[in-house]
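**Student:** Protein sequences appear in the order of chains W and D.
Each residue of the first sequence is one higher than the last, beginning at 273 in this note's numbering.
Each residue of the second sequence is one higher than the last, beginning at 2 in this note's numbering.
Derived by calculation from the structure, the hints in this document are not laboratory data.
Incorrect hints may have been included.
[Stated by the list, open to error] No farther apart than 20 angstroms at their CA atoms in a straight line, the calculated lysine-lysine pairs in the PhoX-like style are these:
#1 D:Lys61 - W:Lys474
#2 W:Lys373 - W:Lys485
#3 W:Lys373 - W:Lys384
#4 W:Lys474 - D:Lys33
#5 W:Lys474 - W:Lys485
#6 W:Lys385 - W:Lys373
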Amino acid sequence: MSKKMVQRFSESQIAAHGVCALSIMALYITGIPLLFPNELGWIPALIGLTKTMFIHRLAGIGLIGSAIYYLIYIALYWINIDPRSVKNILPGIHDITDAVKDMLYAAGASGKKPVYRKYNWLEKIDIFSVAVFDAVIMGITGIVIWMPWLSLSVMSKSTILLLKTVHGSFAILSLCGILLHFYIVHLTPSRFPMDHSMFTGKMDAHEAQHEYKLWYDEMAEMAGDVK
Amino acid sequence: MNFDILKLRPLGIVLVVISQLTFVLVYSGIMKHGIIIALGLNIAMLLVFIQIFAMLKGLKRSAFDSYFVRLHPLYDPDRTLEK
């Protein structure tokens, strides 16, 4: 018997996530070795430094492009289709309470697991770390150090060197965020070895009801399916 | 060969923790270089490579699904609404 599935992501979201994720991974592989040449120098040596930098910049364009696409997509969806959709994405006070409840549950201090909307607090931290750290901070600092001859006309050399340090430091922070993402999608007990919902766009209705109860109830209510 | 893939999950958790701790060691200044740092950084890169592999595998499945759904005789593009 086939399982009942619910639609969680659209084809546009799947494609944008694909471009964004592959770009970020390419940025790590080509960027982090430059910060640690003694430990990871084998990667640029294998690809060639010129090609490594070319891939890094291409991936940077891919990441900024997908971030702009996401922004336009959310805005159009909000204006034209569902004005309530934004509340699923933006962090709120309930995310802080959910985080506290979740930690208490994990520590065994509470026997009740919090109920989530479409995205839980951990997933929001994940997406906002990509949106804020990677696309905005890394994007701006990356463009500045990509074209220093243009940047020098509006800022000093020491500022550019400072931005270069910021770029590297935030890259590490961002990688730590992606390792958290690795845990969520690959190592969560119910999802091991891999969560396919980001690729198929669909999620098992039972899992949705269990993991994202508020979202599932809202969908059921909209479909007039509440018993 | 009868290998239970679930046995690999604890190993994955250990690898994530080691790579996270490596960055803590490097950026707190406790340890800047050495075999432990090299090991931790290379594990982090290994996890990134695994994610690339997972992404490509997932996108391949997604593309195949999307293609074969359209080939189905009962497929109606008007019913495909984005949610």
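**Student:** Let me make sure I understand: some of the numbered hints might not hold for this structure. Which ones are they, in numerical order?
**Tutor:** Result: hint 4 breaks, nothing else.
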